[in-house]
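Residue numbers (the working numbering), protein chains in the order written: chain Z, 1 to 361; chain X, 1 to 361.
Calculated from the structure, these hints are not laboratory results.
The structure displayed is predicted, hence computed values, not measured ones.
Using N, Cα and C, we set each Cβ at its ideal position, and we do this for glycine too.
Hints are supplied without guarantee of correctness; some may be wrong.
According to the in silico footprint, chain Z covers these stretches of chain X (three or more CB under 8 angstroms from chain Z) [claimed, not checked]:
| no. | stretch |
| --- | --- |
| 1 | 146 to 158 |
| 2 | 316 to 326 |
| 3 | 341 to 347 |
| 4 | 351 to 360 |
Computed far set for chain X versus chain Z, every beta-carbon distance over 12 angstroms [what the hints assert, rightly or not]:
| no. | residue |
| --- | --- |
| 5 | R23 |
| 6 | T95 |
| 7 | F174 |
| 8 | V187 |
| 9 | A229 |
Here are the chains, one letter per residue:
There are 2 protein chains.
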Amino acid sequence: MRYGVILAGGGGTRLWPASRRARPKQLLRLLGQGETLLAATYRRALRVAGRAIVVTAAEQADAVREELGPAAEILAEPVGRNTAAAIGLAAVHLTGRDAEPTMAILPSDHYIGDEDGFAAAAARGFALAEERAAIAALGVRPTRAEAGFGYLELGEVLDLDPVAHPPARAVRRFVEKPSAAAAAAMVADGGYLWNTGITFAPAGRLLADIGRCLPETHRALVAIGEELADGGAAAAEARAALLYPGLPAVSIDHGVLEHVPDILCVPGDFGWNDVGSWSALADIVAAGADGNVSVGQVVALGGARGNIAIAEPGRLVAILGVEDLVVVQAGDAVLVVPRGRAQEVREVALALGRAGLDGFL
Amino acid sequence: MRYGVILAGGGGTRLWPASRRARPKQLLRLLGQGETLLAATYRRALRVAGRAIVVTAAEQADAVREELGPAAEILAEPVGRNTAAAIGLAAVHLTGRDAEPTMAILPSDHYIGDEDGFAAAAARGFALAEERAAIAALGVRPTRAEAGFGYLELGEVLDLDPVAHPPARAVRRFVEKPSAAAAAAMVADGGYLWNTGITFAPAGRLLADIGRCLPETHRALVAIGEELADGGAAAAEARAALLYPGLPAVSIDHGVLEHVPDILCVPGDFGWNDVGSWSALADIVAAGADGNVSVGQVVALGGARGNIAIAEPGRLVAILGVEDLVVVQAGDAVLVVPRGRAQEVREVALALGRAGLDGFL
Chain Z
1 MRYGVILAGG
11 GGTRLWPASR
21 RARPKQLLRL
31 LGQGETLLAA
41 TYRRALRVAG
51 RAIVVTAAEQ
61 ADAVREELGP
71 AAEILAEPVG
81 RNTAAAIGLA
91 AVHLTGRDAE
101 PTMAILPSDH
111 YIGDEDGFAA
121 AAARGFALAE
131 ERAAIAALGV
141 RPTRAEAGFG
151 YLELGEVLDL
161 DPVAHPPARA
171 VRRFVEKPSA
181 AAAAAMVADG
191 GYLWNTGITF
201 APAGRLLADI
211 GRCLPETHRA
221 LVAIGEELAD
231 GGAAAAEARA
241 ALLYPGLPAV
251 SIDHGVLEHV
261 PDILCVPGDF
271 GWNDVGSWSA
281 LADIVAAGAD
291 GNVSVGQVVA
301 LGGARGNIAI
311 AEPGRLVAIL
321 GVEDLVVVQA
331 GDAVLVVPRG
341 RAQEVREVAL
351 ALGRAGLDGF
361 L
Chain X
1 MRYGVILAGG
11 GGTRLWPASR
21 RARPKQLLRL
31 LGQGETLLAA
41 TYRRALRVAG
51 RAIVVTAAEQ
61 ADAVREELGP
71 AAEILAEPVG
81 RNTAAAIGLA
91 AVHLTGRDAE
101 PTMAILPSDH
111 YIGDEDGFAA
121 AAARGFALAE
131 ERAAIAALGV
141 RPTRAEAGFG
151 YLELGEVLDL
161 DPVAHPPARA
171 VRRFVEKPSA
181 AAAAAMVADG
191 GYLWNTGITF
201 APAGRLLADI
211 GRCLPETHRA
221 LVAIGEELAD
231 GGAAAAEARA
241 ALLYPGLPAV
251 SIDHGVLEHV
261 PDILCVPGDF
271 GWNDVGSWSA
281 LADIVAAGAD
291 GNVSVGQVVA
301 LGGARGNIAI
311 AEPGRLVAIL
321 GVEDLVVVQA
331 GDAVLVVPRG
341 RAQEVREVAL
351 ALGRAGLDGF
361 L
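Isolated chain Z (complex conformation) (with noise of 0.2 angstroms):
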């Protein structure tokens, strides 16, 4: 059966003072009112695999809970050990309840915008993990030559199914954040896809690999897994805090899949974004008529363009003769920066820390 993994760990410091410590990026209502990152992630994951575990820590699962609602399955890990212990954690608990099960691993904080494409391009994904027991990873046309990605040099065409355009293609190799002239060239040549993360895997295949790349990690998973079929949830819990500590924090890609030769891409296009700083903002929301894109109740006056701006419900803010400037309301702080030094945000969180100031965090 097909299930949604949805990681849900993280925690982001370059949406600050939006994302918190006690309120992660996935936790964002990042267009005002709306659903949260994570619950239209869930949402998804519902739509193209039918059910979804969501994985995430155990100091972050009762806000996940909440958020998601008491029908929603969380595994909480007693520690971060990022994504290849996250994903190999769910994959254990899949295989022992179900056949053959097959993941779309979902990070739950990103943005998509077409979720008609979004879930086309699953379909797609899920075929490919099941008829070819593959990994396959989404990618997405890079649209400008962005360093802080992860890229997919594209091989061969694979014809499985003619009628998809473009066509499924085999990964060559993975690239982990390129240099902004290594990023460009690859924008350049064609070849290459953005890495969304998001990958479909049968769970058995996935463990298999996870084995040969990381022992250590295998080991402990299965250790897990055992105690979970002998004495139950809890047990498992019990044994993942007494291992948990000793795994290596290493990603499913730096881990795992890099090292995997016959890693499948899927292309898809849905108007993915990772939503990575606050200057991303401006692809999702349209600029309004007076040239700034708001969310929430903002005013802006005496000629203020290019600005992005925005207030929580309740809130205002008010921009006057300002250009191109991000400025953020959220809770009981307010941050004002150019929107090209947007990727610097993870700076505040380091001063606040170093200030003590971690009541702002």
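Given the coordinates of chain Z, assemble chain X onto it according to the supplied hints.
Just chain X now, kept in the frame of chain Z:
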């Protein structure tokens, strides 16, 4: 006897979002946790006069009472009719209880940095008013060609007090809100002082001048005074409620003092600032080592400099890589404006009213 007559009926939109309808400028804690401008004015009034009376609008009376405590004497005007009526009302109350009351008229929304300097100037102002039955305006040396202020053109030197330097002078002319060119010419000339609005006068003399210049206002004041003598404060208030709506709304300068030939001027130097806009805060608060003027918890990073940033207690403003901005967090609103355009903040209030966003006013 000497009395401080504190004018506390103003609104003021140029310090939005800190100043609101429900919390006008005189009720602001401009420097964060300290006292309000009104409380500081009251304290100074008690210092220089020994007793004080506060004139405010009925709708602000509760807030004023809460700020100053139950011992403060407060006169509530039924509707605002500018300073001529407010000062006249205080004069009527004082002449009803005291044979020779002398008033120091004190706007409640100014900042005074050097309180000893102010007390010295006030002592001279009271002495002039008492010894000569004169009206004495307190002037300060202009430090820039400010077009938003009133100016006093100085006339003959009064040889009353040879020790005082500079000496008291006659006022030749009031110049209200000149053109930029005229302001520059007056500053260059040197024979002009800023009119602080702080004025010393015997209450009886001032009432007589009001009678000559604003006979309708004077008739109403006399009627209120008679009611006060016959029926007490409540009866006087009821009479004021009947008569006030028909009074002209006119300032004491424009309605009276400009038409009186023998006004005197006490020159003073006491760090006077009318805090007419957020940019004035840089004259009151010294910039930090990072080149920013901060009130409250402000984090400045990435070369942010030349900014004026204000956060309420318990809130945080983070500025990253921006220059020469005013950033104000106050209550449910945030303002961002270039320092050089801080005078335009009143436009925000107008825009909020037009947009039906009165809740933020």
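Right, here's what the structure says about each hint:
Counting residues of the stretch 146 to 158 of chain X whose CB lies closer than 8 angstroms to any CB of chain Z gives 0, which falls below the minimum of 3, so the coverage claim is violated. Taking a C-beta to C-beta cut-off of 8 angstroms, the stretch 316 to 326 of chain X contributes 8 residues in contact with chain Z, enough for the three needed, and the coverage statement holds. Coverage of the stretch 341 to 347 of chain X by chain Z holds. Counting CB-CB distances below 8 angstroms, 4 residues qualify, and the rule asks for three or more. With a threshold of 8 angstroms between beta carbons, the proposed coverage of the stretch 351 to 360 of chain X by chain Z holds, since 5 of its residues qualify and at least three are required.
At roughly 16 angstroms, the least C-beta separation between R23 of chain X and chain Z is larger than 12 angstroms, which holds for a residue marked as non-interface. With a least CB separation of 46 angstroms from chain Z, T95 of chain X remains clear of the 12 angstroms interface cut-off, as annotated. The Cβ of F174 of chain X sits about 32 angstroms from the closest Cβ of chain Z, beyond the 12 angstroms cut-off, so the non-interface label holds. Non-interface status of V187 of chain X relative to chain Z is upheld: no Cβ of that chain comes within 12 angstroms, the nearest being about 27 angstroms off.
Annotated as non-interface, A229 of chain X keeps its C-beta farther than 12 angstroms from every C-beta of chain Z; the closest such distance is 50 angstroms.
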